[in-house]
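> Below are the chains, spelled out letter by letter.
Protein chains: 4
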Amino acid sequence: MIVVLKSEATEAQIQHILDKVQKLGLKPHISRGVEKTIIGLIGPEDALQVTPLEIYPGVEKVIPVLSPYRLVSREFKKENSVIRVNDRIAFGDKQVPVIAGPCSIESLEGLRRIAGQVKAAGATALRGGAFKPRTSPYDFQGLGEEGLKYMQAVGKEFGLATVTEVMDTRDVELIGSYVDMFQIGARNMQNFSLLREVGKTHKPVILKRGISATIKEWLMSAEYVLSTGNFNVILCERGIRTFETETRNTLDINAIAVAKQKSHLPVMADPSHATGRWGIVGAAARAALAAGGDGLMIEVHDNPQEAFSDGEQSLLPGNFAGLMRELRRVAEAVDRRI
Amino acid sequence: MIVVLKSEATEAQIQHILDKVQKLGLKPHISRGVEKTIIGLIGPEDALQVTPLEIYPGVEKVIPVLSPYRLVSREFKKENSVIRVNDRIAFGDKQVPVIAGPCSIESLEGLRRIAGQVKAAGATALRGGAFKPRTSPYDFQGLGEEGLKYMQAVGKEFGLATVTEVMDTRDVELIGSYVDMFQIGARNMQNFSLLREVGKTHKPVILKRGISATIKEWLMSAEYVLSTGNFNVILCERGIRTFETETRNTLDINAIAVAKQKSHLPVMADPSHATGRWGIVGAAARAALAAGGDGLMIEVHDNPQEAFSDGEQSLLPGNFAGLMRELRRVAEAVDRRI
Amino acid sequence: MIVVLKSEATEAQIQHILDKVQKLGLKPHISRGVEKTIIGLIGPEDALQVTPLEIYPGVEKVIPVLSPYRLVSREFKKENSVIRVNDRIAFGDKQVPVIAGPCSIESLEGLRRIAGQVKAAGATALRGGAFKPRTSPYDFQGLGEEGLKYMQAVGKEFGLATVTEVMDTRDVELIGSYVDMFQIGARNMQNFSLLREVGKTHKPVILKRGISATIKEWLMSAEYVLSTGNFNVILCERGIRTFETETRNTLDINAIAVAKQKSHLPVMADPSHATGRWGIVGAAARAALAAGGDGLMIEVHDNPQEAFSDGEQSLLPGNFAGLMRELRRVAEAVDRRI
Amino acid sequence: MIVVLKSEATEAQIQHILDKVQKLGLKPHISRGVEKTIIGLIGPEDALQVTPLEIYPGVEKVIPVLSPYRLVSREFKKENSVIRVNDRIAFGDKQVPVIAGPCSIESLEGLRRIAGQVKAAGATALRGGAFKPRTSPYDFQGLGEEGLKYMQAVGKEFGLATVTEVMDTRDVELIGSYVDMFQIGARNMQNFSLLREVGKTHKPVILKRGISATIKEWLMSAEYVLSTGNFNVILCERGIRTFETETRNTLDINAIAVAKQKSHLPVMADPSHATGRWGIVGAAARAALAAGGDGLMIEVHDNPQEAFSDGEQSLLPGNFAGLMRELRRVAEAVDRRI
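Protein chains in written order, with this note's numbering: chain A, 47 to 384; chain B, 47 to 384; chain C, 47 to 384; chain D, 47 to 384.
Wrong hints could be hidden among the right ones.
It does not matter which identical chain is meant; a pair holds if it fits inside one copy or across any two.
[To be verified] In the DMTMM-like style, the derived pairs of lysine to aspartate or glutamate whose C-alpha atoms are separated by at most 20 Å in a straight line are:
(1) K124 - E106
(2) K140 - E372
(3) K246 - D217
(4) K52 - E378
(5) K124 - D139
(6) K107 - E121
(7) K124 - E155
(8) K249 - D139
(9) K165 - D348
(10) K73 - E57
(11) K165 - E203
(12) K262 - E292
(13) K249 - D133
(14) K82 - D139
What the hints contain is simulated information worked out from the structure, not anything from laboratory work.
Use the sequences and the hints to build the structure in full.
And the structure:
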């Protein structure tokens, strides 16, 4: 922690700060400059989390030096984490998993049909919403437990790992009993109760980045899960909100590269939500892979004109198969496999 | 709903769309222009919520005409709603309530001291967090039920209405048994399960705007509460995230005026979070009031240097009293009272 | 300047940095912490502007301590600057000037009519565009010099100070010969050649904030003008771009308060562009004044349905007169005068 | 153009609008819905650019149907444009040009050294700033004409096409006499006088996207150049401003794909500015190429520790050569060549 003092800070004010930080067990180092005086604080910075030095008289600003996350950081663990879901699928490995499926689970038959098609094209996991976070209370809210049953049955039938979104702390146990991985959606990235609750299950968690979250906030949310003892977190870049209105969101390709530098956790991408337009999902998916992404989640529907949600961004099974062929070539060019 | 067709749309494609919308019970009106053809759809637009016309062949874009919220809109209710909390405090009236208190409840004694001071300065309600949404799992997370007990006791003692944040559907009942109003924080604005759960209680709900939410999304979240039958919602502008790093957030003064045009619900402001710097809280509070704000929520702490959270943005009781004197003059200038 | 080292920085790397900064005439202070080592640099920071210490081996980050602007800062000049345009109008004084007029100058007769009306309502300066920055090359681009002549004649007739936008270095001399103040528009806030060119004239300059500029960047642009010796700069908050689509821009009320803390220059607001909707211009204008704004610029047109530009945000003369009555009351409540 | 009326619009108001648009030569089509009435306008929409129908009594909103750009659109020209700079380099072709070089031209010797290295690694064009847009008036502003002379000499010596930024209308002729391509920087994307001036030269123009510009605004700025008769425009995505502070800007990969759908012009990327950190330039460059980018511009410096500007984001020649090898593999995977 570094404390920068105002030019007009008095000796009494400086002494007051020194007394305070020493009482907190920190060792101060003063550098007196021509224009500014600076105090460097050595010791357990955590002690300062409840003491707002910013408002001490004479203080201009306080600059943290240590990153606020620990368990998720590269400093805590140098090598890449590989999150294994089952014996066929793992994130962070040379083999890059592709999760595909409809936005919402609509029927057993529909889910089976799509699962068969994405499996044939090379997907290794199945997505599908049973509890849907919808902006409007009047929109389709998902099939609930019925949908989870379809998910489990279809996943088993096709040998696909399964993932679905959890939105309510009260649903964690139920959902955990049906699927292989939890998804925390962008809107719940800072639903801290929910992060703790999925943490306790020790199942893999795909943690989507909040729509306007910084990388630091995203990693702090992952830290909530890791701090419960569950290290099975896969970060998922799903597009951030920008001024652009041509696309639903903006895929932040930089964030994939930065998150992988800062953290040992695998980082995947969701090009469907990150674009919101099926016509550019392919470009975004290729880019995410080329930038080092450790997984992809892509919406596929065989009749998007009748999809209950997100039809605009769903690929037809045929287009998905074509994209998988392109992705295999890009994967090879960056020493990965799909 | 208006459907704009691509210049190259074929007759067969147009017919396919006409068939579809007629099947949904809508009446289409075609206007054939030199460059573009447009189809206006008359009838129940809700029918289209699960049909993504955007991806029908030949369609360029689809433009909704009706606003997606109903119960919160001015069209539903012309006159301003007045949300009465008890016989001394109401939002949306000529008298503008000021809610004040510490960010976190830290102790019974501390809360009593601050409550006495803000009451003396003219506040009519007391704020204080018992369950705190903190970015870091290692930060102070609140006193929980113990804090609620302090809140209830102190509110009673000073005749102040009480408000605290609820973050978890499982806590709604407990919190509701202690305080007069719920607060839904910015991070939970789209926690739809929580919105429904507080809706069911029929207690007043202060709904903070999400950190990067549009006004429409904010009103849609209010619609979730109203759709449960609970019309006691007070919208609270608490600052949005922008590129500015000098302030924690940016008070969106336009949003206060626009939300009051679009909706009959009262709109208040939280200048403490909207600025994050105690030195400009006063300017922001005066501005919110001058722009038509129906209430203010201001953080006050008598020892911000030792506050467990948000010390940087808390006013000292003396500064708060001074601000209240300024606010009374501004209120009068816009025909309100504080 | 503070240099934070990586945990794994070697002694050789540290020595390399120490050598470099000492060669630049700076005095380093090392604080060795348990996790991180920090080097504080004392001396002329300007020496570091061309040396990217960030990329020296072993460096994690570099944190500047001094603000990058000098002449515009409160540290350079403690008391508020008052920018006098002529003997009747000054910015930064108790009396708050209101600049009003049409977006574009359309005709001599039209300008005269509007000028008479805004003068009667209490405006002290006249605005009007002769060279218009339009997003489309096919939109009306302004009357050019003809418009400047109308401006000069009408300003003289009604005793109103005049202001118009300059967009091209080649037009500075011409425009300066007709009007009392230059306006630098948001799109040109970082047109550094233009800033220098208007600086050389020593006429008052209204410097609008760029659409996504930080306060620091805005002040740096003002520094360009001041560094030529022209201290007559009035900062103008005109709304920033945010995600909100209900309004054209978002008035950043915090920025008015912060800019006045950081700088001695007067800070005014343009509620017309900051909202883009005439129905909320009044709320925004009252807010800007209540927050401490030192001036207002408001678009007025007596036939907005036929205005060549920005009709959506122009007030009718009658509405403007009503707003001026409201503003007088708010001004009084904050110890100003209109 | 579609005009949506308020529910309470009167017949007289509707008639007033119909009269107006018919006078403008447009043919109205009315659709009367249960809740809303809509008027579709057929005919030359340009006529409406100076008539703000939004503020006609009874109007709720006005929705444009045609895109505001013409010459840059895919509707104007279906096939991709190939912009040829000389007989060895063209943008929009199977072969993807890579422009490399230092941020600023610092000396003849330095430029020669770097040019030789990037040429050897496979670059086909040389970049380097002679007139630098710097946020601070106290930072290095470039060598001016001296730098242009170095550029011309070195480009000739190594057979590299040359590009440099132009910031002032008065410099267009001078710069055009030394280099092969103009660059319009992000800060000047809406410097409309400058766009027209470079248009007149008919030289190729690399048009960088403004830091918070929408794709539509970017294309409108290109339209300014094309409307002068100069069709040699290459769009360059260089990162947009977002909330992220870990990176200088955010590469908008979606924008590359969308701009290529909307326009026939080639779209390149500048991963150096789009990230601001040399450690992730490679990931961003690979992503831009995989997404369909038609060119890359990369900063290279052989002694970034002493670079006059942007040292943080410059690659060392060795790293650049390594990246070129990676890019060749990715190019091949998407059927391009580098």
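> If a hint holds in the structure, say so; if it does not, say that too.
Results of checking the hints against the structure:
In the homo-oligomer, the alpha carbons of K124 and E106 lie at most 20 Å apart only across protomers (16 Å), although the nearest pairing inside one protomer, at 36 Å, exceeds that limit. For a Cα distance limit of 20 Å, the shortest separation of K140 from E372 qualifies both inside one copy, at 17 Å, and across copies, at 17 Å. Proximity of K246 to D217 under the C-alpha cut-off of 20 Å is found in both arrangements, the shortest distances being 13 Å within a copy and 19 Å between copies. Taking the shortest alpha-carbon separations for K52 and E378, neither the intra-copy value of 55 Å nor the inter-copy value of 34 Å comes in at or below 20 Å.
Taking the closest pair of Cα atoms, K124 and D139 come within 20 Å of each other only inside a single copy of the chain (15 Å); across copies the shortest separation is 42 Å, beyond that limit. Within a single copy, K107 and E121 get their C-alpha atoms only as close as 26 Å, which misses the 20 Å cut-off; across copies the closest is 15 Å, which meets it. Within a single copy, K124 and E155 get their C-alpha atoms no closer than 45 Å, and across copies no closer than 41 Å, so neither meets the 20 Å cut-off. In this assembly of identical chains, K249 and D139 lie within 20 Å of each other by CA distance solely inside one copy; the values are 18 Å within and 48 Å between copies.
Taking the shortest alpha-carbon separations for K165 and D348, only the intra-copy value of 14 Å comes in at or below 20 Å, while the best inter-copy value is 49 Å. In this assembly of identical chains, the alpha carbons of K73 and E57 lie at most 20 Å apart only when taken from the same copy (18 Å versus 22 Å across copies). For the identical chains of this complex, K165 and E203 are intra-copy neighbours only, at 11 Å inside a copy versus 56 Å across copies, given an alpha-carbon limit of 20 Å. Taking the closest pair of Cα atoms, K262 and E292 come within 20 Å of each other only across two copies (8 Å); inside a single copy the shortest separation is 27 Å, beyond that limit.
For the identical chains of this complex, K249 and D133 are intra-copy neighbours only, at 14 Å inside a copy versus 50 Å across copies, given an alpha-carbon limit of 20 Å. In the homo-oligomer, the alpha carbons of K82 and D139 never lie at most 20 Å apart, since the shortest distance is 49 Å inside one protomer and 32 Å across protomers.
Hints 4, 7 and 14 from the list above are not met by this structure, while the remaining hints are.
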